[in-house]
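Line order of the protein sequences matches chains A and B. Residue numbering for the first sequence follows my numbering, starting at 152 and increasing by one per position. Residue numbering for the second sequence follows my numbering, starting at -16 and increasing by one per position.
For the record, the hints were derived by calculation from the structure and aren't laboratory data. Some hints could be false.
[To be verified] Here are a few chain A residues that face chain B, going by a calculated C-beta distance under 10 Å:
no., residue
1, 385
2, 427
3, 431
4, 478
5, 481
Where a beta carbon is used, it is the ideal one built from N, C-alpha and C, also for glycine.
The lines below spell out each chain.
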Amino acid sequence: MKKILLLFLAISILYSCKKEESPISGCMDVLATNYNPDAVIATYNCEYFLATPYIIETPFGFPDMIVPDNNPTTIEGVSLGDKLFHDKILSGDESQSCSSCHKKEFGFSDENRFSEGIDGLLGDRSASTIINAGWNTRNFWDGRAITLEDQAFGPVVNPIEMHDTWPNVENKLNANSEYKQLFKDAFNIDYIDSTHVSMAIAQFERTLISANSKFDKYLRGETQLTASELAGYAIFNSEKGDCFHCHGTQMFMDNLFHNNGLDPEPFTDLGLGKITNNASDNAKFKTPTLRNIEFSAPYMHDGRFSTLEDVVEHYNSGGEYSLTVDPLMKKLGVGLQLTNQEKQDLVAFLKTLTDSDFIDGN
Amino acid sequence: MKNTLLLITAFALTFSSCKKDKSIETNLEVNFSQTVNGESLEQNTLQYTNADGQDYSVKKLWYIISDITLHSDEGENVIKDYHFIDIDNPSTLSFTINDLEDANYTSISYTMGLDSIKNISNVYVNEDFHTTMFWPEEMENGMFMGGGYHYMKLEGNYTNDTLAFNTHTGGTMGMDYSFNHTDVISLIIDALTINTALTINMEVNNWYQNPNSITLSTDGIMGNKMIQMQIKQNGADVFSTTIN
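Please model the complete structure; the sequences and the hints are all you need to start from.
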């Protein structure tokens, strides 16, 4: 009896914890160097090529930057993106680079209302600034690209901009031994493709951080603002000027889309509405940051205002009524009724957002 | 005999050792709803009338509810520190607690907005509402605005579509206008309860009446301590909780 019990016990121990016969397990992430295409069960032992990490420091009052898991910022990647951003090789006739329209001295935007592409054609929107673009939750004035990687795909092949094709760009880059080595160093790839070009440019753009303006120094107690700048700050930060509801926090933007009362209906540019196909989004555009606004004229999505005084005058006038105008534009037809002195004060404050280190530095 | 017992025990242990624990966890879903005169809020049309006789519409309604706490004989159970609601974003209209403790809960309390301990500038810098609910810190006409975050942004049109109002509440000039509200409930969670749900409703029109009739205007109220206080007083009958 005891023997039978013992035997039964032995068998039960053997079987009770036995695992099912397992299918092939391994790394299922295509980005990993040890990616196993036959794997059915994911394991955690994926190994990745990693260039030297580039540490992005979060400025005071900024959220942590969200960087895509598949495109960590690296010193090699940023350096490559910097080179690509300034290289005319990305355009059809090699006459323009990204920086032809996103000029550092103009706050990484274009001093012209509409930028001229390689074929002499003009766009219908003003080049966006890319200051602190790493914190954008959507990109372009109409938000049609979510990530900076998505965004970078656009201008290279846009017929009115750099007017190239991605196969052509890939051929040009692959024929260039210097780029072959730089992409190898940054991404461990032997064939350069459009995906990695956009990844490198996005990495570079994430490093374009401006957070050391006169205003920042004032907040840190390192400098004083003039009486006029302080008066402008008070107008900016109160419902008298009501700038802060959209251009608030240390980022001076809310990552949202608004119709700020520029035009009555019918709208000539539907903005976000054209992307979402939702009429309630018509004529809404992304709030730009006000950092370095002194340099990024002309202003608005269509560059209609050439000076900050014009911009202040628009808000002071109250704006135009339309179905989608933001309820924050609560003085339609009445206006803010700022005095000339108050308008000057507001402009003086806006100029404290100039970060000379960022505009002039390397 | 002794050996046989030992063997049987060992045998039983062998089988049970690979078995998972199967204790029942209770899921509590907390929903947020908004009504006007008891009917679900409909946005964008001038169909509501306040105590002052003004017709109005609601275009935007964002608010923060904090310190959501269930109370029982055994004590307090804080189920969420703060929650941001945007009525246009369905994912903000509910949250779920997965391991609600067994108890006979007799009331729920929560704070409209953020109290002075929580309402500090840049504390929620990584929350989605940081950029949209932020409240300025610096001066308005030489006065301190207080910093922190808006408790609520209730915006729309009144009288006609060209007049916009912004009912923005918050701790203006460092004053704390948040308030705690308690609802009596009967929520019995025992070993057999798997799913349960409750709904915290905001009766929007009550912000503008009882005891203070609020007149909508195009003037901002963020720097107006009197109106902030009146809206806080009106808030006593704005919220209610039902067990679903």
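Which constraints among the numbered hints does this structure fail? Numbers only, ascending. 2
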